[in-house]
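Residue strings, one per chain:
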Amino acid sequence: MPGFEYVQAEDVPGAVAIVSRDPGASFLAGGTTLLDLMLKDGVIAPGRVVDIGRLPLRGITRRDDFLLVGTLTTMEELAAYPTVAERAPFVRDALLAGASTQLRNMATIGGNLLQRTRCRYFRDLAVAACNKRTPGSGCAAVTGPARMHAILGASEHCIALHASDLCVPLVALDAVVYIQGVGGQRTVPLTDFYVLPSDRPEVENVLEHGELVTQVEIPLLPAGARSGYLKVRDRASYEFALTSAAAALMIEEGTIAMARLALGGVGTIPWRAREAEAILEGKPANDQTFRAAADAAIRDAFTVPGTAFKVELAKRTIARVLQTVAGLRS
Amino acid sequence: MRALSAPTVLGEPIDRVDGPLKVTGAAPYPSDIAYPDLVHAVLVQSTIGAGTMTAIHAEAAEAASGVLAVITYQNAPALAPAPMTGLGPSLPLPFRDNRVFHHGQHVAIVVAQTQEQAVAAARLLEIDYVQEAAVLGLDNPRAEVLHNPWQADLRRGDPAAALASAEVVVDETYTIAAETNNPLGLFATVASWEGDRLTVHDSTQWPVMERQTLATVFDIPESAVRVLSPYLGGGFGAGLRVYPHVILTALAARVVGRPVKLVLARPQMFTSVGHRPETQQRMKLGALQDGRLVAIDHGCTSALGIEGTNFGRVTVVTPPSYDCPNVATHDHQVRLNIPNPGYMRGPGKTEGNFALESALDELSYKLRIDPIELRLRNFAHVHPQSGLPWSSNALQECYRVGAERFGWSKRSPEIGSMREGHWLIGYGMAGVTFELYQPPCEVRVSIHRDGSAYVRSAATDIGTGTYTIAAQLAAELLGLEVGQVHVEIGDSDLPTAPQSGGSGLATSLGGAIVDAAGNLLRAFLKTVADDDRSPLQGMTAEGVAVTNGRIAAIEDSSVGETYFDILERHKLDELSAGGEYNPSAGAPGIAGPAAFAARFAEVHIDPELGLLRIARFVTVVDGGRILNAKTARSQIIGATVMGIGMTLLEETVIDSATGRIANATFGDYLIPVNADVPVLDVVFVGKPDELSPVGSKGLGEIGTVGVSAAIANAVYHATGRRIRTLPITIDKLL
Chain A
1 MPGFEYVQAE DVPGAVAIVS RDPGASFLAG GTTLLDLMLK DGVIAPGRVV DIGRLPLRGI
61 TRRDDFLLVG TLTTMEELAA YPTVAERAPF VRDALLAGAS TQLRNMATIG GNLLQRTRCR
121 YFRDLAVAAC NKRTPGSGCA AVTGPARMHA ILGASEHCIA LHASDLCVPL VALDAVVYIQ
181 GVGGQRTVPL TDFYVLPSDR PEVENVLEHG ELVTQVEIPL LPAGARSGYL KVRDRASYEF
241 ALTSAAAALM IEEGTIAMAR LALGGVGTIP WRAREAEAIL EGKPANDQTF RAAADAAIRD
301 AFTVPGTAFK VELAKRTIAR VLQTVAGLRS
Chain B
1001 MRALSAPTVL GEPIDRVDGP LKVTGAAPYP SDIAYPDLVH AVLVQSTIGA GTMTAIHAEA
1061 AEAASGVLAV ITYQNAPALA PAPMTGLGPS LPLPFRDNRV FHHGQHVAIV VAQTQEQAVA
1121 AARLLEIDYV QEAAVLGLDN PRAEVLHNPW QADLRRGDPA AALASAEVVV DETYTIAAET
1181 NNPLGLFATV ASWEGDRLTV HDSTQWPVME RQTLATVFDI PESAVRVLSP YLGGGFGAGL
1241 RVYPHVILTA LAARVVGRPV KLVLARPQMF TSVGHRPETQ QRMKLGALQD GRLVAIDHGC
1301 TSALGIEGTN FGRVTVVTPP SYDCPNVATH DHQVRLNIPN PGYMRGPGKT EGNFALESAL
1361 DELSYKLRID PIELRLRNFA HVHPQSGLPW SSNALQECYR VGAERFGWSK RSPEIGSMRE
1421 GHWLIGYGMA GVTFELYQPP CEVRVSIHRD GSAYVRSAAT DIGTGTYTIA AQLAAELLGL
1481 EVGQVHVEIG DSDLPTAPQS GGSGLATSLG GAIVDAAGNL LRAFLKTVAD DDRSPLQGMT
1541 AEGVAVTNGR IAAIEDSSVG ETYFDILERH KLDELSAGGE YNPSAGAPGI AGPAAFAARF
1601 AEVHIDPELG LLRIARFVTV VDGGRILNAK TARSQIIGAT VMGIGMTLLE ETVIDSATGR
1661 IANATFGDYL IPVNADVPVL DVVFVGKPDE LSPVGSKGLG EIGTVGVSAA IANAVYHATG
1721 RRIRTLPITI DKLL
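Chains as they are written, first to last, in our numbering: chain A, 1 to 330; chain B, 1001 to 1734.
Keep in mind that the hints were calculated from the coordinates and are not lab data.
Where a beta carbon is used, it is the ideal one built from N, C-alpha and C, also for glycine.
Some clues are possibly wrong.
Here are some chain A residues the structure puts well away from chain B; computed CB gaps all over 12 Å [to be verified]:
{"id": "1", "residue": "36"}
{"id": "2", "residue": "46"}
{"id": "3", "residue": "60"}
{"id": "4", "residue": "178"}
{"id": "5", "residue": "205"}
{"id": "6", "residue": "217"}
{"id": "7", "residue": "251"}
Partner residues are not named here, just some residues of chain B that face chain A (Cβ under 7 Å, in silico) [as the list claims (entries may be wrong)]:
{"id": "8", "residue": "1219"}
{"id": "9", "residue": "1609"}
{"id": "10", "residue": "1670"}
{"id": "11", "residue": "1673"}
{"id": "12", "residue": "1675"}
{"id": "13", "residue": "1730"}
{"id": "14", "residue": "1731"}
Using the sequences plus the hints, can you model the full thing?
Below is the structure:
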């Protein structure tokens, strides 16, 4: 692999300053994505790696109805935080389903949000056509075998999946990303943080080069709400989702008073299903409502032969998680 | 000599003797080998599936930091033609010309001071190609088809007429995806030349064959080549041939004049060391209403590279399996622009069994006969091809014991009739007949004055327990403690041994040890034949027994002396003796040996989400004598996990347009994890086989065989869906 300069950041402004002025620089946190892409796959080659591991961005602060999670908090730490289990259990479910213990102990929350796609066409230098890696080169995944790929927000330009489990309940909760740039701090709702690939798949989110995610604000569910995360995959563990769904429901006397629904395994970005939420709210909590919501959630799918089955599987996944959260099924 | 009729050490479930070395990291795997002036190589592989290289731009790579050589077909020293081997012709040599036959073909090897420098330089190499349309897909009309490639197609009776007159017929096609062996240990080669002498540390399962190949292609005597493979991180058949990267590493070492290490990257493992080829099988069964088979016609088409061979008979499972008078088999291979396939645990037999045992299950539903009862009605009391009695066959006991342990009687025969909550439950089973492959083997056994004994052979232990069972057997035969016996293997300089493959090594090496131990005892007795001071003077091997390092008369155990006494008195450091096992085609008038098994699966299926989970798996094996109950069980459970992978998860996805393998990483190519594997119940039945000196019948592969059919049959019982295409992924169950 090509050589690179390793820099240990001393403070947040310094880290942001170094990366901002060097187009070839990259932040390093837990390393579970960056090192794979650099060392094993060789598809990115930053000339300078700025290690933010010692910055004071680790830890969780409880506020009345939300958590402030430092970007360097590990997946394991967030999963183990008692309030998460009490007030946002589907976040915990998604974290535990999202990685092995070893990875959860290394991978950070900020890094999870910014993880790159697992698309093997993106990660293999032997593939020439990848709009995400080489803008304008085309998309080999659309014509080649593809299974672990997106069907929503996808097009002939790119069907790369955003494979995060954690982000699925986070977009359902309207989590907020705190961003530090050279000019100051800003916040962006997670639902606005990701950018659909359209014809520029190389642009994945709203961050400017050198901007650093410092915290994530995770709203807690209202008391009385129930939530769940269902991840469907061939292998029983240690696999990305074929389909997944995060749902939170408040049911009052059999009627859905509040619904939050987001999908994983199907979107080029973590997929908030607002049309489905609109169908759920105010309706009786029954199988018919749930199936109608599922149908509404999966519209305008862009499929290739290997992903066509995901349309029905995603709908069944949604219906099942809603049934489970509503207490209609185990 | 101690008889094996009442062993005290052999068969005991002792821990692996090499276990502490491995868990402490002290066992030297090929990738651990270092030399003071070692340099590192990285392979560059083609990015097209078919065509030619028109230009190689190596200047940037050659100029890169630390680079010692960039070797391609344009500047590679010539190699001599590779030899015929025990498994057929060698693979075609690398770097012959500019032609590309598959995506991922080695086109250059870059040598640099460090591995990182080699990787960086390899990425700077640019190659211009003229691409041709790759020939891909078993049904591709442009593909060359080899009919009856091994001249082994078989016919008994008149299967066509019997099928036409059968009362019930099953005629179905079964497809199994290509799979990749994927031993966890990345294959590594370290090659070092001293003048015209070559030493190679390699992840090989067959050092002697590798020595022969390297000596031939480098045109040096075999005595000038030493191949070492004392430890390797799994093989599963990937180390049974000398693949091009091994030759290229030795070639690179010769070019740069320094020892060279090459470690394949995981994606390169998918194109460099063979794989289980994709197969499509047509299985026709004809039966009478009472369940008796009257005809089996078994055809198979499997994938092959554009050049090269692969000995992988699939239909071979069918003729010996059932008492059926009319049988025909046909194998075909289709040449495609894919990496040449190879041997993956139970090659051919695993695939063939899936079709045969699935079809029998289909027949059982058509006839409404219990699947076990159907197999019992067709049990082969004698070998159905030769008509000779089996040397041993406890298959019926496998069925009976398995059914009891599994609780087969609780199975409600109706489809979809068993459930637990929203999970459908299915029970399925399969039978296995696995004929033993017995290659010749040599060994040398010695006893030293310090009380230690040595067993030496060029065999390998690919993680299966060869070290342990060899020590146990020698200890048993020589009347020693296991800890006194040192096993030295994995070195081509040692007595010639066959591959760790085909389930044959334990039996062949065991046979050689039996012979050598007898010879060694006779050597001790010969030493004292004229020794007036020896109480053993004049005794023969038949008249003595050995216990606790002491040879004594059978009739009066007070008459005897120790190995030590003899060596001491005769001022000998050691006595040693060679032994060999060279089986003929079997004893006249007896068929076998063959191992047998019955496999039972309980699956739970969530029909809405297509989730398939294996709840229980029971295996009963007749493997003849069990040489170590623990390593034998480990063989079966490990192989069962591979079978689960083949059935549920594993598929080497080849892009039908480019020939590129689309999932050549462990993130994309799924193998089972613990959560996919239930408690695996394994029990052994049967008795030592008389056609094998140690009585064993081979356990290395039988554990992969029958898993797929048992699971697929259980899926049918649960859901009514007959899945004839592996792997059984979620999309197939929606």
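Evaluated hints:
For residue 36 of chain A, the condition that its CB be more than 12 Å from all CB atoms of chain B is violated, with the nearest at approximately 9 Å. Every C-beta of chain B lies more than 12 Å from that of residue 46 of chain A, the closest at about 14 Å, which supports listing it as non-interface. Remark: the non-interface label on residue 60 of chain A is consistent with the geometry, its nearest Cβ contact in chain B lying 29 Å away (cut-off 12 Å). Against chain B, the non-interface label of residue 178 of chain A holds: every CB pair exceeds 12 Å, the least being about 30 Å.
For residue 205 of chain A, the requirement that its beta carbon stay farther than 12 Å from each beta carbon of chain B is met, with the minimum near 22 Å. The beta carbon of residue 217 of chain A sits about 31 Å from the closest Cβ of chain B, which is more than 12 Å, so the claim that it is off the interface holds. Under the 12 Å C-beta cut-off, the non-interface status given to residue 251 of chain A relative to chain B holds; the minimum distance is some 21 Å. Hint status for residue 1219 of chain B relative to chain A: violated, with the closest Cβ pair at about 34 Å, above 7 Å.
Because the closest C-beta pair between residue 1609 of chain B and chain A is about 5 Å apart, less than 7 Å, the hint holds. The restraint placing residue 1670 of chain B at the interface with chain A holds, with a minimum CB-CB distance near 5 Å, inside the 7 Å limit. Hint status for residue 1673 of chain B: holds, given a least beta-carbon distance of 5 Å to chain A, under 7 Å. Taking 7 Å as the C-beta contact cut-off toward chain A, the hint placing residue 1675 of chain B at the interface holds, the least distance being around 4 Å.
Using the Cβ-Cβ criterion of 7 Å, the hint placing residue 1730 of chain B at the interface with chain A is satisfied: the shortest such distance is roughly 5 Å. Restraint check, residue 1731 of chain B versus chain A: the minimum CB separation of about 4 Å is within 7 Å; hint holds.
When held up to the earlier numbered hints, the structure conflicts with 1 and 8 and fits the remainder.
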